[in-house]
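Take a look at the letters that make up each chain.
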Amino acid sequence: MIRIEHISKRFKKLQALSDITAEFSKGQVVSLIGPNGSGKTTLIKSILGMVRPDSGKIFVDETPINGDPSYREKIGYMPQIGRYPDNMKVGHLFKMLMNIRNTNESMIDNFLIEQFELKKIFEKPMRTLSGGTRQKVSAAVAFLFDPSILILDEPTAGLDPLASEILKEKILTEKKKGKLILITSHILSDLDELTTHILYMQEGKMQFFYNIETLQEETGELRLGKAIARIMKGEQFSNEWIDEMLINKKDEKIY
Amino acid sequence: MMKLSRYVLYDILRSKIIIAYTLFLFIVSMSMFQMEENSSKAMLSLLNIVLIVLPLISLIFTTIHYYNSYEFIELMASQPMSRTRIILSEFAGVSLSLLCAFLIGVGIPIFLFAADATGFALLFTGSALTLVFTSLAFFASVRARDKARGIGAALLLWFYFALIYDGLILLLTFNLADYPLEKIILALVSLNPIDIGRIFVVLKMDISALMGVTSALYKDFFGSGTGVLFTAGIMFLWIIIPLWLAVRKFRKKDL
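Protein sequences, first through last, are from chains A and B. Residues are numbered in the working numbering as their position in the first sequence, beginning at 1, plus a constant of 14. With the working numbering, letter number 57 in the second sequence gets 40, and the count goes up by one each step, no holes.
Check the hints yourself; a few may be wrong.
Below, simulated BS3-like cross-link-like pairs (lysine-lysine); rule was C-alpha separation at most 25 Å, straight line [stated by the list, open to error]:
#, chain 1, residue 1, chain 2, residue 2
1, A, Lys190, A, Lys40
2, A, Lys103, B, Lys(-1)
3, B, Lys235, A, Lys109
4, A, Lys88, B, Lys235
5, A, Lys219, B, Lys(-1)
6, B, Lys236, A, Lys26
7, A, Lys88, B, Lys(-14)
8, B, Lys(-14), A, Lys138
9, A, Lys88, B, Lys236
10, A, Lys109, B, Lys(-1)
11, A, Lys138, B, Lys(-1)
12, A, Lys88, A, Lys40
13, A, Lys27, B, Lys232
14, A, Lys103, A, Lys71
15, A, Lys71, B, Lys236
16, B, Lys235, A, Lys26
17, A, Lys40, A, Lys219
18, B, Lys130, A, Lys26
19, A, Lys27, B, Lys236
20, A, Lys26, B, Lys232
21, A, Lys71, B, Lys232
A few chain B residues that don't get close to chain A, going by computed Cβ distances all over 12 Å [said to hold, decoys possible]:
#, residue
22, Ile10
23, Glu19
24, Val125
25, Ala127
26, Leu138
27, Leu139
28, Phe142
29, Glu165
30, Ile167
31, Leu220
Since the hints were made in silico from the structure, they are not lab data. Note that beta-carbon positions come from the ideal geometry of N, C-alpha and C, so glycine has one too.
Next up, chain B with everything else stripped away, as it sits in the complex (with noise of 0.2 Å):
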């Protein structure tokens, strides 16, 4: 499987976009920590970057560089190689690329200023982010026919993971304030990989002791052996679902 995917990660290593893109990342990130007297003050402006640009490029790249490489997947279906290796061959090449982008453009600044436990948890959470969302867009660029509507998929899983869920969200503990809802809105939670990817984070900071009751029981569970398990648990079956059925449909699909 590496023979195909190294040919697809030098590809993609050497165009202007992943370069721009990792190049953004680490003067974004430099600046934070430049700007900010305070090392956990940029941590926390830069986990918000993180949660909020991260998808969005994965999304994006990987569907624009799906519908791009459609003409060289259909060239290696013609080979003698099955569909699924052609698919994940594909996907570990993306998703490699953009790893290598967040860790060189992130993980850099990050060990230079910020080398703690929330530093860390930073880097597994983008790290982890990175891969689902390639992940969703390999799902929605397989499914959807033409480009304009896999893009338009994309950008739709990114308003309603980074958007309207939290809305939805806060919807529910508005409405609902007068009953404990703290176990119902963990659950809930999980059901989004950025929500998650941000407590885990947030709950590693000293901030974490300003924001009340909620915090603390939060606190108990993420800062536990079982809270790391379980977030990576649930990161781990966001990449692996939909990478599944994006699988299973390209391998019915005609090309």
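Bound conformation, chain A alone (with noise of 0.2 Å):
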């Protein structure tokens, strides 16, 4: 559904992204992860239009993306921050969605407005609410108009864990669908019982895209934190960034 040929992107003096080729199919889960700066939102903005990539080409659904924006109907996109007119009422930035797709209400997926239940925050403004609100109201746009291709930018990032598993669920019924998902995430253990697809990438290369299976046949572990972890040492990437992962792990064990 989405193809990526040989994508390069440099801004001044760093490479967000070097010479990226992947293939990504429906019924995929994959995970884009990486540490901080490695290119993960780049590529993510690449495939939306939003950065314009300094050569190679982006394929959704066999149309090269150019300047025709109408691709983006078959994309739900959930930001890492999520900010919205300081005025508008929650309400409105439905309405205002519906009213650019020319869509109403009842071709609408409000699996997430009822069950975050943001009918109840309808009628505030947007500054009044919450990070974590505001990240609900994110995903809920996201998923609004059931499309193909959903691309999720640290989904679980400020959810209460409540509102986590709620997600993560809709993302499983989602993925049974046969739709493709893009996730970027650092809490490895969130993507766990999700994905099928693994990319990683280090300062803006691709160093492997495998699905799940083969990550754990080859290194023998079921966990993808641990698993992650033995392909980085095997490979000797720079390990410091998973290192980091697990000793973060082990100490929310102890407590």
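Dock chain to chain to rebuild the complex, using the hints, since each chain is given by itself in its own frame.
So this is what it looks like as structure tokens:
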């Protein structure tokens, strides 16, 4: 559904993406992981047409991304930080998005609106919402139009455990429907039960793109965090980041 | 396009800043007309305020609004909407709200106390200047990457058009006082929307008779139908060119 061919992007001194080629298809849940600043968000934004790559091509459903914005009808996007106009009411945001896409209430997927109980805050202006509530709104917006591709940038960061579980459940439902889902996250335990493929990036380069079974077989580890740690060590990548993740997890168990 | 700008407009009209701006203009204009016995004297004071304050507020408000809605613009860019449509909707929303503030704040007092040709010339100049400086501010903020630089550039633009440019023209006239400069000055004045606005309004007033031969020449030109068309045309160019440059830059920009 999405084909990326040799894309590169440079921001002044920083090589954000260098020569990335990958293909994602229906029913996959692809986890983009890597240290901060490794180019995950830039890759996502390139697919959304928000960042223009210096070279290379991206195809969504076999149509190359150029100026035409209509391909984005197929994509639901949840940004890392969702910020909305201060005085806009929550209900208005949903109405506006429906307006833009020319749909009405009967055609939308309001599972998350109901589960997160967003109807209650429809009359509140955006500026009064807490960070977590805003994340809930962003999540509901991403799933609103039942898109065939979902792009979620750090979806569970800032959500409380209950909301995070609801969102994961929703992602699983959508996965079963055969959608393509791209997730970036630093919380590997969240990805464990969802992901089918792992794309590991470092310093703008794609280090590997495996499906989870291959990863488990090669490493003999069932848990994602450990499996990746093992690969990192075997292939001599800088593994400080992954060690840190594992150390944190051990700490959690102690307390 | 109105779909999005309607919500932008709605959001801005509910913000306290724009209400305070309207009230400020209203109180200042009312008190000018109350304090001065002679309404044309009041018009002159009001003109000076319009020429200094309006560009400044339009520049600063637009720049701050642009940076505050950056994440929202990103969200819109992830929807099936073209970049041109997004930026033009933002422009329409911001400029309409500033226009509303001006037409209520200054328009009502003018209608009450000085509903004559000078009054309408002032309203026309004020509206045109609002649009010109909103457009310039969009250009500056689309070009500048961060907020500090954007606001800095906006302030510099204001200093240049409101203060420095007049100084330069004064310098030129003093040094070349022996030459017939009227036509050249007229051409130079068109390069500054504030100046052309000022001349356009002042020449509609009675006091213009006191300003000597030069003024008589300009009165001939600006008093005629061609003069009105000329002013409107120059103002139009000052609105369209920066806006067009802003759209062009925004289309290629990485969000």
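Now the hints, each set against the structure:
Taking the CA atoms of A:Lys190 and A:Lys40, the gap is near 10 Å; set against the 25 Å cutoff, the hint holds. For the hint linking A:Lys103 to B:Lys(-1), the alpha-carbon distance of about 16 Å falls within 25 Å, and the restraint holds. This hinted pair does not check out: B:Lys235 and A:Lys109 have alpha carbons roughly 29 Å apart, beyond 25 Å. Restraint check for A:Lys88 and B:Lys235: the C-alpha separation of about 22 Å stays at or below 25 Å, so the hint holds.
A distance of roughly 47 Å separates the Cα atoms of A:Lys219 and B:Lys(-1); the hinted pair therefore is violated under the 25 Å criterion. Restraint check: the Cα-Cα separation between B:Lys236 and A:Lys26 comes to about 14 Å, which is no more than 25 Å; the hinted pair holds. Between A:Lys88 and B:Lys(-14) the CA atoms are separated by roughly 20 Å; this keeps the pair inside 25 Å, and the hint holds. With a C-alpha separation of about 21 Å, the suggested pairing of B:Lys(-14) with A:Lys138 holds against the 25 Å cut-off.
A hinted pair counts as satisfied when its Cα atoms are at most 25 Å apart, and A:Lys88 with B:Lys236 qualifies at roughly 23 Å. Between A:Lys109 and B:Lys(-1) the CA atoms are separated by roughly 24 Å; this keeps the pair inside 25 Å, and the hint holds. Distance check on the hinted pair: A:Lys138 and B:Lys(-1) sit about 17 Å apart at the alpha-carbon level, within 25 Å; holds. This hinted pair checks out: A:Lys88 and A:Lys40 have alpha carbons roughly 13 Å apart, not beyond 25 Å.
Only pairs whose Cα atoms come within 25 Å are accepted, and A:Lys27 paired with B:Lys232 is accepted, the gap being roughly 21 Å. Simply put, A:Lys103 and A:Lys71 have alpha-carbon atoms about 38 Å apart, too far for the 25 Å limit, and the pair is violated. Restraint check for A:Lys71 and B:Lys236: satisfied, since their Cα atoms lie roughly 17 Å apart, inside the 25 Å limit. A C-alpha spacing of about 16 Å is found between B:Lys235 and A:Lys26, which places the hinted pair at or below 25 Å, so the restraint holds.
The hinted pair formed by A:Lys40 and A:Lys219 meets the criterion: a straight-line CA distance of about 24 Å does not exceed 25 Å. Between B:Lys130 and A:Lys26 the alpha-carbon distance is near 19 Å, which keeps this suggested pair within the 25 Å criterion. Taking the CA atoms of A:Lys27 and B:Lys236, the gap is near 17 Å; set against the 25 Å cutoff, the hint holds. Using a Cα cut-off of 25 Å, the hinted pair A:Lys26 and B:Lys232 holds, with the two alpha carbons roughly 17 Å apart.
About 21 Å separates the Cα atoms of A:Lys71 and B:Lys232, which keeps this hinted pair within 25 Å; it holds. Residue placement check: B:Ile10 keeps its beta carbon more than 12 Å from all beta carbons of chain A (closest about 24 Å). Non-interface status of B:Glu19 relative to chain A is upheld: no Cβ of that chain comes within 12 Å, the nearest being about 37 Å off. The Cβ of B:Val125 sits about 14 Å from the closest Cβ of chain A, beyond the 12 Å cut-off, so the non-interface label holds.
Under the 12 Å C-beta cut-off, the non-interface status given to B:Ala127 relative to chain A holds; the minimum distance is some 15 Å. With a cut of 12 Å on Cβ distances, B:Leu138 stays outside the contact zone with chain A, its closest approach being about 23 Å. Every Cβ of chain A is farther than 12 Å from the Cβ of B:Leu139; the closest lies at roughly 23 Å, confirming the non-interface assignment. With a minimum CB-CB distance of about 29 Å to chain A, B:Phe142 clears the 12 Å threshold, and the non-interface call stands.
Look at B:Glu165: its CB is around 48 Å from the nearest CB on chain A, clear of 12 Å, so calling it non-interface holds up. Separation of B:Ile167 from chain A is adequate, the least Cβ-Cβ distance of about 43 Å exceeding the 12 Å criterion. For B:Leu220, the requirement that its beta carbon stay farther than 12 Å from each beta carbon of chain A is met, with the minimum near 27 Å.
Hint check: violations occur at hints 3, 5 and 14; the rest are consistent with the structure.
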